[in-house]
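Trainee: Just need the whole structure built from these sequences, with the hints factored in.
Under the numbering used here, the first residue of the sequence shown carries the number 3, and numbering increases by one thereafter.
Keep in mind that the hints were calculated from the coordinates and are not lab data.
You can take every hint at face value.
The list that follows gives simulated cross-link-like pairs (lysine-lysine, DSBU-like), each with its CA atoms no further than 35 Å apart:
no.: 1; residue 1: K121; residue 2: K180
no.: 2; residue 1: K137; residue 2: K51
no.: 3; residue 1: K291; residue 2: K211
no.: 4; residue 1: K174; residue 2: K317
no.: 5; residue 1: K121; residue 2: K211
no.: 6; residue 1: K51; residue 2: K95
no.: 7; residue 1: K250; residue 2: K310
no.: 8; residue 1: K51; residue 2: K211
no.: 9; residue 1: K180; residue 2: K51
no.: 10; residue 1: K291; residue 2: K332
no.: 11; residue 1: K250; residue 2: K174
no.: 12; residue 1: K134; residue 2: K95
no.: 13; residue 1: K180; residue 2: K250
no.: 14; residue 1: K137; residue 2: K180
no.: 15; residue 1: K95; residue 2: K180
no.: 16; residue 1: K121; residue 2: K106
no.: 17; residue 1: K174; residue 2: K137
no.: 18; residue 1: K95; residue 2: K121
no.: 19; residue 1: K95; residue 2: K174
no.: 20; residue 1: K180; residue 2: K21
no.: 21; residue 1: K211; residue 2: K317
no.: 22; residue 1: K324; residue 2: K180
no.: 23; residue 1: K51; residue 2: K134
no.: 24; residue 1: K332; residue 2: K174
no.: 25; residue 1: K51; residue 2: K121
no.: 26; residue 1: K95; residue 2: K21
no.: 27; residue 1: K121; residue 2: K250
no.: 28; residue 1: K134; residue 2: K211
no.: 29; residue 1: K174; residue 2: K21
no.: 30; residue 1: K310; residue 2: K211
no.: 31; residue 1: K174; residue 2: K51
no.: 32; residue 1: K310; residue 2: K174
no.: 33; residue 1: K174; residue 2: K134
no.: 34; residue 1: K250; residue 2: K332
no.: 35; residue 1: K332; residue 2: K317
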Amino acid sequence: MGVTAALALGIFMAPVQAKTYDWPLPTTGSVTIDIPRGSLTVLTRDDDKSRISLDLESVDVARESTRVTRKVTGDLPDETPQWFLTAQGATLKLPEPAAIDFLKVGGVTATLTLPASGKYVINGRLVDIEMKGAKSDISVNVVDGNVMAQQALGGNLSISVMHGGITTRSMKSNLALKVSSGNITDQDSEGDIAVDLVSGALTLDSQAKAITIRQITGEQHLNLPASVTFVNDLQTGTSILRLGSALKRGEIETAQGDITVIVTEAWQGSIVADSINAHHLINQLSSDKPQPSRPPLSDERLEITRGKADAGQLKLSTLAGKITLQRPVKAGE
3 MGVTAALALG IFMAPVQAKT YDWPLPTTGS VTIDIPRGSL TVLTRDDDKS
53 RISLDLESVD VARESTRVTR KVTGDLPDET PQWFLTAQGA TLKLPEPAAI
103 DFLKVGGVTA TLTLPASGKY VINGRLVDIE MKGAKSDISV NVVDGNVMAQ
153 QALGGNLSIS VMHGGITTRS MKSNLALKVS SGNITDQDSE GDIAVDLVSG
203 ALTLDSQAKA ITIRQITGEQ HLNLPASVTF VNDLQTGTSI LRLGSALKRG
253 EIETAQGDIT VIVTEAWQGS IVADSINAHH LINQLSSDKP QPSRPPLSDE
303 RLEITRGKAD AGQLKLSTLA GKITLQRPVK AGE
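Mentor: Have a look at this one:
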C-alpha cells in the first residue's frame, strides 16, 4: 500500500502468528532469497520433492512511532513474503522493515527448507543465518551478522560477510569464506577451503585436503593434518601453523608477519625459505643454517631436506617478517 502521509502514534504492527508457505522450485535458473533483518535457519529437505518451504515464525517489521507526528514516504511494511518468477529463476523477499524503523525492530525469524538440488543465493543486511545439512550450491551474502554452517553433505558453499563472523563445522561441501572485518572458524570440515579475510582472526582445525588462504592482517591458528596442498598469504599479523605428513605442496608468504610452522616428524620432502633480511629465518628442525643467496645483499635462503626430497615441497618467503620452523613438542619437554 503506497502512502505519503503524516502518521502520528500508531504505525505499530504486532508480530504475526507463525505461518508456512510453499513454492515449486523453478525448472531453470537459481533462487534468490532476500532477508533484510532478522534470523534465518536454512535446512535441506529429506524427501525428493522439488519445493521450497518457508516457516515464518515471527515478524517484527514496524514499530510504534514516537509521540510526535512523523512523515513516512513509500510503502508501509508488508508482513507477508513475496515470491516472484524471473528470467533467471525466482526471488523470495521476506518482510522488510520500513526505512525509518530499520534499526529499531527485530525483523523476521524464519526457517527455510530447500530441495537437495538447485542453486540458491541468500542476501541479508542485519541478519544471522544458520545452515544445516546442505547438499546443493548455496551463496550467502551478509552485510552485518554471523553465519554458521554445519554438516553439509555436498555441493559448494560460498559465504561473504562484511562485518561479523563465519563458523563452519563438519562440512563435506567445498567452502569459499570471505570476511572483511571479523573472524572465521572451521572445525573438522573435509571439503576444499578457500579463505579471504581482510582483518580478523582465522582458526582452522580442519580435515580439508586443499586449502588456500589470503589474509591482510590478523591472527591465524591453523591445524591442518590432512592438507595435501596449502597456500597461505598473510601480509601482517601472527600465524601458528601445524602441517601433517600428507602435505605434497605448500606455499607460505608474508610481508611483515610472524609465522611459526610446526612440521610433523613423519613429513618427508624439501623445505626452501627465503628472506630479504638476515636473521629472519629461524630453523629449529635441523642443524642447517640460512645462507646468503645474493651477496653482498642481505638476502638469505634456508634449505632443508627430510627423507625423500621429492616426496613433498614446502616453500616459504618473507620481506620484513619472521619465519620459524619447529618440530612438534613431545610430552615431557
